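Asks: Letter by letter, the chains look like this.
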Amino acid sequence: MLQILEITFRGEAMEKFILSARDLVIKFRLRGKVLTAIRGVSLDIYEGESLAIVGESGSGKSVFTKSFMGLLDKNGWIDSGSIIYGGMDLAKFKEERDWLKIRGKEIAMVFQEPMTALNPLKTIGKQVKEAVELHQGLRGKEAKEEVIKILDDVGIRDPERRYNQYPHEFSGGMRQRVVIAIAIACRPKILICDEPTTALDVTIQAQILNLLKNLKEKYKLTTIYITHDLGVVANVADRVAVMYAGDIIEIGKTEEIFYNGQHPYTWALLSSLPQLGKKGEPLYTIQGTPPNLFQEIKGDAFAPRNPKALEIDFIHSPPYFQVSPTHKAKTWLLDPRAPHVEPPEAIKKMRKRWKEI
Amino acid sequence: MEGDIMEREVLLDVRNLTVQFPIGRRKKFTAVDNVSFQIYKGETFALVGESGSGKTTIGRAIIRINEVTSGEIYFEGKKISGDIDKELDREITKNIQMIFQDPMASLNERAKVDYIVSEGLYNLKNYSSEEERKERVANALLDVGLLPEFASRFPHEFSGGQRQRIGIARALIMEPKFIIADEPISALDVSIRAQVLNLLLELQAKKGLTYLFIAHDLSIVRYIADRVAVIHKGKIVELAKTEELFNNPLHPYTKALLSAIPYPDPVKEKNKKILVYEPKLYRGGKEEWVEVRDNHFVLINR
Amino acid sequence: MWEAIIGIIVGALWGYVRKLDRIITEIYNVLNNIPTTIVLVLLTYIMKPSIGTMIFAMCITGWLGMARFVRNQIVIIRDREYNLASRCLGTPTRRIITKNLLPYLVSVIMLRLALAIPSAIGSEVFLTYIGLGLPVHIPSLGNLINEGRLVMMNSTLRYQLIFPAIILSLITISFYVIGNVFADAADPRNHI
Chain A
1 MLQILEITFR
11 GEAMEKFILS
21 ARDLVIKFRL
31 RGKVLTAIRG
41 VSLDIYEGES
51 LAIVGESGSG
61 KSVFTKSFMG
71 LLDKNGWIDS
81 GSIIYGGMDL
91 AKFKEERDWL
101 KIRGKEIAMV
111 FQEPMTALNP
121 LKTIGKQVKE
131 AVELHQGLRG
141 KEAKEEVIKI
151 LDDVGIRDPE
161 RRYNQYPHEF
171 SGGMRQRVVI
181 AIAIACRPKI
191 LICDEPTTAL
201 DVTIQAQILN
211 LLKNLKEKYK
221 LTTIYITHDL
231 GVVANVADRV
241 AVMYAGDIIE
251 IGKTEEIFYN
261 GQHPYTWALL
271 SSLPQLGKKG
281 EPLYTIQGTP
291 PNLFQEIKGD
301 AFAPRNPKAL
311 EIDFIHSPPY
321 FQVSPTHKAK
331 TWLLDPRAPH
341 VEPPEAIKKM
351 RKRWKEI
Chain B
1 MEGDIMEREV
11 LLDVRNLTVQ
21 FPIGRRKKFT
31 AVDNVSFQIY
41 KGETFALVGE
51 SGSGKTTIGR
61 AIIRINEVTS
71 GEIYFEGKKI
81 SGDIDKELDR
91 EITKNIQMIF
101 QDPMASLNER
111 AKVDYIVSEG
121 LYNLKNYSSE
131 EERKERVANA
141 LLDVGLLPEF
151 ASRFPHEFSG
161 GQRQRIGIAR
171 ALIMEPKFII
181 ADEPISALDV
191 SIRAQVLNLL
201 LELQAKKGLT
211 YLFIAHDLSI
221 VRYIADRVAV
231 IHKGKIVELA
241 KTEELFNNPL
251 HPYTKALLSA
261 IPYPDPVKEK
271 NKKILVYEPK
281 LYRGGKEEWV
291 EVRDNHFVLI
301 NR
Chain C
1 MWEAIIGIIV
11 GALWGYVRKL
21 DRIITEIYNV
31 LNNIPTTIVL
41 VLLTYIMKPS
51 IGTMIFAMCI
61 TGWLGMARFV
71 RNQIVIIRDR
81 EYNLASRCLG
91 TPTRRIITKN
101 LLPYLVSVIM
111 LRLALAIPSA
121 IGSEVFLTYI
131 GLGLPVHIPS
141 LGNLINEGRL
151 VMMNSTLRYQ
161 LIFPAIILSL
171 ITISFYVIGN
181 VFADAADPRN
191 HI
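Those protein sequences? They're chains A, B and C, same order as listed.
Quick note on our numbering: the first sequence kicks off at 1 and runs consecutively.
Quick note on our numbering: the second sequence kicks off at 1 and runs consecutively.
Quick note on our numbering: the third sequence kicks off at 1 and runs consecutively.
Okay, chain A solo, but in the shape it has when bound:
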């Protein structure tokens, strides 16, 4: 039998975990068959950090965070595992009223499409006010003043006038600010942002990301970003978790992931970015498609698409190997007995920068 070299990760005594997911398994029923979207994922989120979860579509990143708020589609359920938050196990929640204690007040979410997140028939002031009344217990005039304050916080100029305007009178970036305002109005502890800027122009995106960073400071939030854009990740995140086929295959501080990534999938993601491509040469591409999650996956899920896969990748799923106290990756390449594998060019360049830091 192989000896597994996993070192159990102990958090630094200074920082506390605010949410902890352990061995979470989430399944969906689709067309009569069962699909395992999340395959036994464990993640600890520190209070006050900014964590990014990256992965291609189908990796499960959205599903994972939706389970924290009980927002899974009707045909999905948590099969096993736990989500520990504030002394409660969220995975055990069955009733809507249990979730009402959490949603908004403790954990809030900002979605990708600001157009569909707002009610077109109500003024935006009213929509933010509803959130304030519900979660902060203020009423009437006090509530309105709070709303004005929040609108100002999110950078909407002339908030008294805009209070009475409807969503269609706002531009995309402004609408997203309103959505963020509604989320903040609940005074949550954790803010989950699911691709919050993908639908926006580049200059607006930069402003919204800045706004989120400022709000995080001001309201002492813990933020979780779900995105496929590594540029956004580099901008906002302290830590990055890379997801593939329903599992976190690598996690670490942002600099560690970018400059010292260890998993072949992380390499592939970084190398295929046009920003890192060299003109005149074709871009590095990842062949094949993500695996079929209806079936059980044997070994490393990324192995079939990995041109440098080892034999063992197809047989046994690798455990986490610790690269540093804050960085671990699930790849057999980190086993001391593994042969040396050359990472792609782009990664080598990144490694050079790593040495400089």
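Don't read these hints as lab results, they were simulated from the structure.
Computed from a predicted model, the values in this text were never measured in an experiment.
One or more of the hints may lead you astray.
DSS-like cross-link-like pairs, simulated, lysine-lysine; straight-line CA separation at most 25 Å [claimed, not checked]:
1) B:78 <-> C:99
2) A:349 <-> B:270
3) B:272 <-> A:218
4) A:213 <-> B:255
Given the structure of chain A, go ahead and fit chains B and C onto it with the hints provided.
Replies: Below, chains B and C alone, put in the same frame as chain A:
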């Protein structure tokens, strides 16, 4: 492609193009405002701007989907804007083609891939027999990396990346000289984008195509384009060779755009400062299109 | 049925060719203001009550609704990218309508048609009920209900009214279901 631009052939010549849309009964919206530029044979020319800047409208005006309010467009020296005769229209249909942004919306859901790809051929009727048509469809599919047997299937059976390839095959089968790619990869998943970009470059080398690449993502543009034009609210504010634009941006809007692009490098990102473009600071005076350096043009207010 | 065909053709052109749009919208607004019911009543009154008359009258009034419905649908999909693509490829307007637009609309038109039949029956019932439609000796739902009217006064025989009513409902529901089935079948996305 480097090399002396002056000696290369001009394929597309846009002069003082203005496109306006009526809103309601009286007002007009100016989407494109007095735009002029040229595209040389064999190059990849990028038109970059944010949503609403008018870049898509320019592409559509060239291929004659949108009407030109004023100005002219010349292709291979012939005027293709405004009213033209049937012969020239056929020529344009053959020589200029377009690839669309959203692979989910750009294919006819109710038609087989075979029909979708051959649609242009049916229109021009420039094939001699059914066998030839089938062969050309098969070749087009192979060129974009798909199997010929896909022709008998429907679009919904394919993924986004594959559908985009079908759209490319549809354009390629016409054997065009010039392809307008309107944000061809923005709607694709990140891991697919590299594949499609590679395909476009490969096809350009193989078939000697000229591209007008419309995008909002400057980082993609740096990799793929020879020259870049930045467009803001219907006007081109800067035009230069790619590296020149990125290394020496002159117009404040270009600078703001460049500073806002997220770059996958944590140290750079966390230390960067974002510039904001304030148009009010630059108003007043006459607008002039000036060549500041060798082939580097800027729109300035004198 | 005819009303549907005429309605579809006019509606499609109306929705697609921009120049026609404004003119026809004006015409439509005028025509729509003429109450359908009155036209129906007038026509059947003027011409001899018979099945042929009924059909003719309903045709005249019915095509308008279908045209407007089709036009609205077309305006929605007219600028979708795949239609633009067809224009780039040089496809003539005629073929765009038949190959791109109408197949998409088949499902919605089916639904609309399915409901049109029961509504035609409904109109027939109405006209016959007020005595203007088919003459008494031709059996029809309208006549049945008419006869039922006399009976309604007599409480013990009131139940006789239920039967035509039930049959009308059943017919309407079954056409609706059939319409839905056709609509689903017409959409290739449902072929797995």
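Asks: A separate judgement is required for each hint: does it hold in the structure or not?
Replies: Taking the hints in turn, this is what the structure says about them:
With a C-alpha separation of about 32 Å, the suggested pairing of residue 78 of chain B with residue 99 of chain C is violated against the 25 Å cut-off. For the given pair, residue 349 of chain A sits about 19 Å from residue 270 of chain B by alpha-carbon distance, which is consistent with the 25 Å threshold. Of the supplied pair hints, the one linking residue 272 of chain B and residue 218 of chain A holds, its CA atoms being roughly 21 Å apart against a limit of 25 Å. Only pairs whose Cα atoms come within 25 Å are accepted, and residue 213 of chain A paired with residue 255 of chain B is accepted, the gap being roughly 23 Å.
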